[in-house]
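Undergrad: Spelled out from the first residue to the last, the chains are:
Protein chains: 4
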Amino acid sequence: MTEPETSPEPVRPLSPRREALWRIIFLSDTPAGRGFDVALLIAIAASVLVVMLETVPDIARNHGDLLRGAEWFFTLLFTLELGARLWVCRRPLRYLGSFFGIVDLIAIVPTYLQLLVVGTQYLAVVRILRLLRMFRVFKMAHHIGEAGLLLNALRASKRKIFVFLLAVMTLVCIEGTLIYVVESRANPQFSSIPQSIYWAIVTITTVGYGDMAPVTVLGKVVASIIMLTGFAIIAVPTGVVTAELGRAMRVDNRRCGECGWKGHDPRASHCLQCGEAL
Amino acid sequence: MTEPETSPEPVRPLSPRREALWRIIFLSDTPAGRGFDVALLIAIAASVLVVMLETVPDIARNHGDLLRGAEWFFTLLFTLELGARLWVCRRPLRYLGSFFGIVDLIAIVPTYLQLLVVGTQYLAVVRILRLLRMFRVFKMAHHIGEAGLLLNALRASKRKIFVFLLAVMTLVCIEGTLIYVVESRANPQFSSIPQSIYWAIVTITTVGYGDMAPVTVLGKVVASIIMLTGFAIIAVPTGVVTAELGRAMRVDNRRCGECGWKGHDPRASHCLQCGEAL
Amino acid sequence: MTEPETSPEPVRPLSPRREALWRIIFLSDTPAGRGFDVALLIAIAASVLVVMLETVPDIARNHGDLLRGAEWFFTLLFTLELGARLWVCRRPLRYLGSFFGIVDLIAIVPTYLQLLVVGTQYLAVVRILRLLRMFRVFKMAHHIGEAGLLLNALRASKRKIFVFLLAVMTLVCIEGTLIYVVESRANPQFSSIPQSIYWAIVTITTVGYGDMAPVTVLGKVVASIIMLTGFAIIAVPTGVVTAELGRAMRVDNRRCGECGWKGHDPRASHCLQCGEAL
Amino acid sequence: MTEPETSPEPVRPLSPRREALWRIIFLSDTPAGRGFDVALLIAIAASVLVVMLETVPDIARNHGDLLRGAEWFFTLLFTLELGARLWVCRRPLRYLGSFFGIVDLIAIVPTYLQLLVVGTQYLAVVRILRLLRMFRVFKMAHHIGEAGLLLNALRASKRKIFVFLLAVMTLVCIEGTLIYVVESRANPQFSSIPQSIYWAIVTITTVGYGDMAPVTVLGKVVASIIMLTGFAIIAVPTGVVTAELGRAMRVDNRRCGECGWKGHDPRASHCLQCGEAL
Numbered sequence: 010m011t012e013p014e015t016s017p018e019p020v021r022p023l024s025p026r027r028e029a030l031w032r033i034i035f036l037s038d039t040p041a042g043r044g045f046d047v048a049l050l051i052a053i054a055a056s057v058l059v060v061m062l063e064t065v066p067d068i069a070r071n072h073g074d075l076l077r078g079a080e081w082f083f084t085l086l087f088t089l090e091l092g093a094r095l096w097v098c099r100r101p102l103r104y105l106g107s108f109f110g111i112v113d114l115i116a117i118v119p120t121y122l123q124l125l126v127v128g129t130q131y132l133a134v135v136r137i138l139r140l141l142r143m144f145r146v147f148k149m150a151h152h153i154g155e156a157g158l159l160l161n162a163l164r165a166s167k168r169k170i171f172v173f174l175l176a177v178m179t180l181v182c183i184e185g186t187l188i189y190v191v192e193s194r195a196n197p198q199f200s201s202i203p204q205s206i207y208w209a210i211v212t213i214t215t216v217g218y219g220d221m222a223p224v225t226v227l228g229k230v231v232a233s234i235i236m237l238t239g240f241a242i243i244a245v246p247t248g249v250v251t252a253e254l255g256r257a258m259r260v261d262n263r264r265c266g267e268c269g270w271k272g273h274d275p276r277a278s279h280c281l282q283c284g285e286a287l
Numbered sequence: 010m011t012e013p014e015t016s017p018e019p020v021r022p023l024s025p026r027r028e029a030l031w032r033i034i035f036l037s038d039t040p041a042g043r044g045f046d047v048a049l050l051i052a053i054a055a056s057v058l059v060v061m062l063e064t065v066p067d068i069a070r071n072h073g074d075l076l077r078g079a080e081w082f083f084t085l086l087f088t089l090e091l092g093a094r095l096w097v098c099r100r101p102l103r104y105l106g107s108f109f110g111i112v113d114l115i116a117i118v119p120t121y122l123q124l125l126v127v128g129t130q131y132l133a134v135v136r137i138l139r140l141l142r143m144f145r146v147f148k149m150a151h152h153i154g155e156a157g158l159l160l161n162a163l164r165a166s167k168r169k170i171f172v173f174l175l176a177v178m179t180l181v182c183i184e185g186t187l188i189y190v191v192e193s194r195a196n197p198q199f200s201s202i203p204q205s206i207y208w209a210i211v212t213i214t215t216v217g218y219g220d221m222a223p224v225t226v227l228g229k230v231v232a233s234i235i236m237l238t239g240f241a242i243i244a245v246p247t248g249v250v251t252a253e254l255g256r257a258m259r260v261d262n263r264r265c266g267e268c269g270w271k272g273h274d275p276r277a278s279h280c281l282q283c284g285e286a287l
Numbered sequence: 010m011t012e013p014e015t016s017p018e019p020v021r022p023l024s025p026r027r028e029a030l031w032r033i034i035f036l037s038d039t040p041a042g043r044g045f046d047v048a049l050l051i052a053i054a055a056s057v058l059v060v061m062l063e064t065v066p067d068i069a070r071n072h073g074d075l076l077r078g079a080e081w082f083f084t085l086l087f088t089l090e091l092g093a094r095l096w097v098c099r100r101p102l103r104y105l106g107s108f109f110g111i112v113d114l115i116a117i118v119p120t121y122l123q124l125l126v127v128g129t130q131y132l133a134v135v136r137i138l139r140l141l142r143m144f145r146v147f148k149m150a151h152h153i154g155e156a157g158l159l160l161n162a163l164r165a166s167k168r169k170i171f172v173f174l175l176a177v178m179t180l181v182c183i184e185g186t187l188i189y190v191v192e193s194r195a196n197p198q199f200s201s202i203p204q205s206i207y208w209a210i211v212t213i214t215t216v217g218y219g220d221m222a223p224v225t226v227l228g229k230v231v232a233s234i235i236m237l238t239g240f241a242i243i244a245v246p247t248g249v250v251t252a253e254l255g256r257a258m259r260v261d262n263r264r265c266g267e268c269g270w271k272g273h274d275p276r277a278s279h280c281l282q283c284g285e286a287l
Numbered sequence: 010m011t012e013p014e015t016s017p018e019p020v021r022p023l024s025p026r027r028e029a030l031w032r033i034i035f036l037s038d039t040p041a042g043r044g045f046d047v048a049l050l051i052a053i054a055a056s057v058l059v060v061m062l063e064t065v066p067d068i069a070r071n072h073g074d075l076l077r078g079a080e081w082f083f084t085l086l087f088t089l090e091l092g093a094r095l096w097v098c099r100r101p102l103r104y105l106g107s108f109f110g111i112v113d114l115i116a117i118v119p120t121y122l123q124l125l126v127v128g129t130q131y132l133a134v135v136r137i138l139r140l141l142r143m144f145r146v147f148k149m150a151h152h153i154g155e156a157g158l159l160l161n162a163l164r165a166s167k168r169k170i171f172v173f174l175l176a177v178m179t180l181v182c183i184e185g186t187l188i189y190v191v192e193s194r195a196n197p198q199f200s201s202i203p204q205s206i207y208w209a210i211v212t213i214t215t216v217g218y219g220d221m222a223p224v225t226v227l228g229k230v231v232a233s234i235i236m237l238t239g240f241a242i243i244a245v246p247t248g249v250v251t252a253e254l255g256r257a258m259r260v261d262n263r264r265c266g267e268c269g270w271k272g273h274d275p276r277a278s279h280c281l282q283c284g285e286a287l
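These protein sequences, in sequence, are chains A, B, C and D.
In this text, residue positions in the first sequence follow this note's numbering: the first is 10, and each later residue adds one.
In this text, residue positions in the second sequence follow this note's numbering: the first is 10, and each later residue adds one.
In this text, residue positions in the third sequence follow this note's numbering: the first is 10, and each later residue adds one.
In this text, residue positions in the fourth sequence follow this note's numbering: the first is 10, and each later residue adds one.
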């Protein structure tokens with residue numbers, strides 16, 4: 010989402026050829042550039058799909074070689090693309106440091122890495138992040154705006170959320186110990202405190218897999234209390250985000266020159282109090 | 010809910026008989042019309058019930074023929090009704106294109122379709138949508154208003170929700186891969202990445218069936234992190250809808266006499282567009 | 010909670026004895042009255058506990074007679090009490106029609122009913138509603154106020170919630186049918202459409218017992234979509250209640266006589282715009 | 010979080026040595042003091058970890074003695090520390106009465122207690138609360154502010170939440186009885202009313218372990234109704250907290266010079282209490 014800030018600064022052309030290539034690769038305001046971007050998006054989606062399908066036993070058994078081949082093909086393609094990007098853009102290092110530069114890099118590394126460490130190729134799924142490019146390609150400016158609004162709200166609440174998560178972590182540690190003390194004797198599922206803390210997290214987030222559940226009467230009483238408190242707790246992050254979003258959507262700092270009224274509707278061109286033009 | 014916009018325009022009568030029939034079928038301001046609508050609602054509810062009961066083994070075994078008979082009876086009834094509607098209304102095609110016209114059509118198609126494709130008749134359940142007519146029949150204008158308010162809020166948040174769902178989808182893909190890498194060796198349930206993504210969705214939405222659950226220590230740690238993040242994430246859509254609803258409910262309906270701007274702050278005494286006193 | 014409205018109107022004493030008794034039973038402003046009410050609350054709590062414990066096999070086996078005895082004792086006690094209430098209050102029928110009158114009645118009926126119908130005595134649990142009296146006994150006026158605020162917010166959102174539940178009901182019917190068509194062949198759990206609708210409700214409310222879960226690939230895809238939509242849907246009731254509560258807590262209709270500003274803080278005694286006293 | 014209020018009052022030094030020690034132990038504005046606090050935090054985290062690992066069978070089997078040793082080492086360390094705190098601070102009893110004093114005490118008691126009562130040592134996990142000190146050590150003033158905001162919102166909603174929990178408790182008792190009456194005959198899981206109430210809590214909080222689930226048709230109908238109502242109910246605490254947070258964030262900190270009233274509307278230009286210009 011942070012693409013706008015990290016978009017390459019207006020560049021002074023080096024050679025016409027690289028200039029043209031740069032326009033194709035980095036912008037999508039020309040038919041060629043747009044075509045390139047769309048093709049890229051398709052390739053990305055396809056490559057992610059390949060990585061995923063590779064892990065499905067039946068498919069792997071029948072088309073394993075094909076998938077591995079496609080996987081390598083896409084990786085080499087993306088390697089070439091990244092090379093081209095670095096070659097044509099004026100500050101390669103700065104691009105590599107940008108959000109999309111990093112994503113481009115970690116999108117190809119895993120496939121090479123598997124030659125050294127087995128099982129790492131799946132991490133290539135992160136290249137799904139490259140799809141975020143589509144926001145620019147499809148001129149989803151509005152959506153970028155909305156995303157920005159959401160991100161701002163989340164950023165504004167990040168401290169509150171952090172404090173909240175800290176409190177929840179402390180809480181689950183204590184609750185997990187409590188249930189362990191109460192339940193462990195009768196119930197092998199609660200074999201240790203860490204295990205019980207895991208249960209407390211599953212419970213307080215209302216996920217409730219049911220792979221662990223109290224069996225003793227006292228355990229169920231404790232669990233009930235934990236659930237009901239969790240019920241009130243789950244309200245906090247929602248409240249935080251909502252309040253921040255509401256503020257983000259409401260905020261407008263213009264003050265009326267006439268009557269000094271503040272807090273106008275962002276759409277207002279005149280003071281709602283005295284009718285003076287803002 | 011969109012019934013109001015798509016309600017048939019005031020028609021100039023063709024023949025008195027069709028005029029009378031039209032009034033009975035499309036309006037419910039006469040005893041006959043009201044009776045027709047109520048009977049129709051009952052028939053719809055009954056037919057939906059029939060389709061559902063048809064799938065209950067015991068009932069199907071004992072009253073299968075009866076149910077199939079009823080099913081066909083209702084279908085023919087609704088076919089006749091649709092025919093009548095098209096015959097009496099002045100712009101049949103326009104009606105067919107309207108929300109209720111489409112619903113009327115897809116409410117009868119499945120039963121006929123099953124003659125060609127087996128198992129499609131159940132789709133006849135969609136005729137439950139026809140019950141939305143009751144809003145008009147029972148003059149639930151207020152409820153239509155409320156529904157409109159909700160729909161507006163949802164419509165206003167649709168972009169944010171879309172961006173949010175996109176982010177969630179990306180997130181679950183990465184989280185699913187992560188848990189797959191961590192868990193798959195020890196746990197046959199996480200047999201593939203798509204499978205693991207399904208688990209991630211079940212977890213982040215806090216549904217938590219428990220048909221899949223991590224068993225390794227590392228897996229449980231990752232799961233805990235996913236749950237706690239999901240805990241913060243679940244706040245976003247609520248925040249969005251709440252903020253939009255709050256705004257929708259804060260705005261009032263006064264229209265500026267000068268510039269016709271609508272949606273002023275309830276406290277406003279002057280138009281925020283042109284400054285004219287309200 | 011609606012106790013305040015339904016509290017007995019100021020009565021003109023009939024006989025001093027009944028007057029005194031009335032004061033003890035209906036008010037709690039005298040030591041006797043207060044003692045009576047507290048004792049009553051304890052008796053109610055105890056009787057509810059008895060009814061519940063009666064159903065616990067072990068306890069029932071060992072102390073069955075004792076519990077049944079206590080149960081009858083409490084029932085007779087409450088019968089006497091209700092009789093006394095009707096005898097001392099000036100408009101017995103009106104009291105019987107009030108919220109607490111009805112509760113008093115249905116609190117004793119089940120025990121007698123079990124002589125005719127077996128297994129109805131458990132319904133005596135409803136007498137727990139009588140505990141609401143404590144709000145008055147313990148002068149929890151503030152809490153009544155808060156409760157009123159919550160009730161008002163819920164009442165204000167009742168239409169929206171109704172429309173919402175209607176929409177959800179329609180949705181689960183269609184989703185249930187969908188999953189049935191997709192899943193039923195491979196998965197005996199989805200044996201019928203009503204069954205599948207039950208699953209859809211369990212899923213969309215994020216309860217997710219796991220007693221039913223899709224096993225086919227397509228089924229899991231459909232389930233994922235249902236969960237993600239449910240994720241957005243769960244936001245609606247919260248949004249509604251929050252918006253209503255926020256309004257209920259914000260609202261104040263005083264308009265400044267000087268500058269005509271409206272929407273002051275309920276605590277304000279002076280206009281926040283021009284400083285004029287309100 | 011309440012640390013600020015309970016921080017030791019500015020003390021007049023007794024002896025230079027104790028004064029110096031006091032500065033090291035209670036403040037973290039000197040290298041020594043900061044070092045002490047950081048070391049303490051690490052020790053606390055380590056000791057909590059030890060207590061938890063002690064309960065993991067495999068680890069306990071292999072390193073049991075080591076862990077028990079560490080456990081005792083940390084406990085003695087914390088005992089010494091508490092002793093030092095009491096020795097250097099001017100009002101030992103007042104410190105013991107403060108939030109952190111109490112936590113310091115209950116952080117060491119369990120380990121000693123296990124000499125008398127077996128299995129109590131796990132309660133030593135509560136010493137995790139001592140980590141709250143880090144807020145002061147790391148000068149996380151902002152976070153304390155945010156935490157305060159959250160706490161205020163929770164405190165402001167505490168009455169509403171209490172009333173709400175009371176209502177929920179009443180509700181689950183009645184719903185639990187209902188499901189018991191409906192389900193118990195066919196389903197051994199619903200063996201008693203308390204058991205069924207536990208299920209109702211698991212359901213209404215949308216945790217849904219699945220260790221208990223209705224099997225009869227009627228039971229599933231009742232469960233569906235409970236879930237859908239719970240769906241609306243879950244909205245209330247969120248609504249309360251959100252509304253309170255929104256208000257808490259809307260209020261600003263200007264204090265009226267005239268009457269000292271605080272908590273004005275951000276748009277206010279005059280005190281809402283005495284009308285003085287702000």
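Among the hints, a few may not be true.
Pairs involving identical chains hold if they fit within one copy or between any two copies, as the list cannot separate such chains.
[Unchecked claim] Straight-line alpha carbon distances no greater than 25 Å define the calculated SDA-like cross-link-like pairs of lysine to any residue that follow:
| id | residue 1 | residue 2 |
| --- | --- | --- |
| 1 | K167 | L50 |
| 2 | K167 | R194 |
| 3 | K167 | L36 |
| 4 | K167 | S107 |
| 5 | K167 | I234 |
| 6 | K167 | V112 |
| 7 | K167 | A54 |
| 8 | K167 | I111 |
| 9 | K167 | V230 |
| 10 | K167 | L91 |
| 11 | K167 | V231 |
| 12 | K167 | S233 |
| 13 | K167 | Q123 |
| 14 | K167 | P66 |
| 15 | K167 | L75 |
| 16 | K167 | R94 |
| 17 | K167 | N71 |
| 18 | K167 | D67 |
| 19 | K167 | E90 |
| 20 | K167 | L132 |
| 21 | K167 | F45 |
| 22 | K167 | L58 |
Worth flagging that the hints you see were computed from the coordinates, not collected in a lab.
Undergrad: Quick one: K167 to V231, C-alpha cut-off 25 Å, is that within a copy, between copies, both, or neither?
TA: between (31 Å within a copy, 21 Å between copies)
Undergrad: 25 Å Cα cut-off: does K167 pair with L132 within a copy, between copies, both or neither?
TA: neither (27 Å within a copy, 31 Å between copies)
Undergrad: Under a CA distance limit of 25 Å, which applies to K167 and E90: within one copy, between copies, both, or neither?
TA: Classified as neither; 36 Å inside a copy, 34 Å across copies.
Undergrad: With 25 Å as the alpha-carbon cut-off, assign the pair K167 and D67 to within, between, both or neither.
TA: neither (43 Å within a copy, 38 Å between copies)
Undergrad: Measure nothing new, just compare the shortest in-copy and cross-copy C-alpha distances for K167 and L91 to 25 Å and report within, between, both or neither.
TA: neither (33 Å within a copy, 35 Å between copies)
Undergrad: How would you label the pair K167, I234 (within, between, both, or neither) given a Cα cut-off of 25 Å?
TA: between (28 Å within a copy, 16 Å between copies)
Undergrad: Checking K167 and L75: alpha-carbon separation at most 25 Å within a copy, between copies, both or neither?
TA: neither (45 Å within a copy, 40 Å between copies)
Undergrad: Reference check for the pair K167 and L50, CA-CA at most 25 Å: within, between, both, or neither?
TA: Classified as between: cross-chain Cα gap 24 Å, same-chain 31 Å, threshold 25 Å.
Undergrad: Is it within a copy, between copies, both, or neither that the alpha carbon of K167 lies no farther than 25 Å from that of F45?
TA: For K167 and F45, the Cα distance exceeds 25 Å both inside one copy (37 Å) and across copies (29 Å).
Undergrad: Tell me, please, which holds for K167 and N71 at an alpha-carbon limit of 25 Å: within, between, both or neither?
TA: For K167 and N71, the Cα distance exceeds 25 Å both inside one copy (47 Å) and across copies (41 Å).
Undergrad: Check K167 against L58 for me: Cα-Cα at most 25 Å, and say if that holds within a copy, between copies, both or neither.
TA: neither (33 Å within a copy, 27 Å between copies)
Undergrad: How do K167 and R94 come out at 25 Å by Cα distance, when the copy is not named: within, between, both, or neither?
TA: Neither: 34 Å inside a chain and 35 Å across chains, both beyond 25 Å.
Checked against the numbered hints given earlier, the structure breaks hints 2, 3, 10, 13, 14, 15, 16, 17, 18, 19, 20, 21, 22 and satisfies all the rest.
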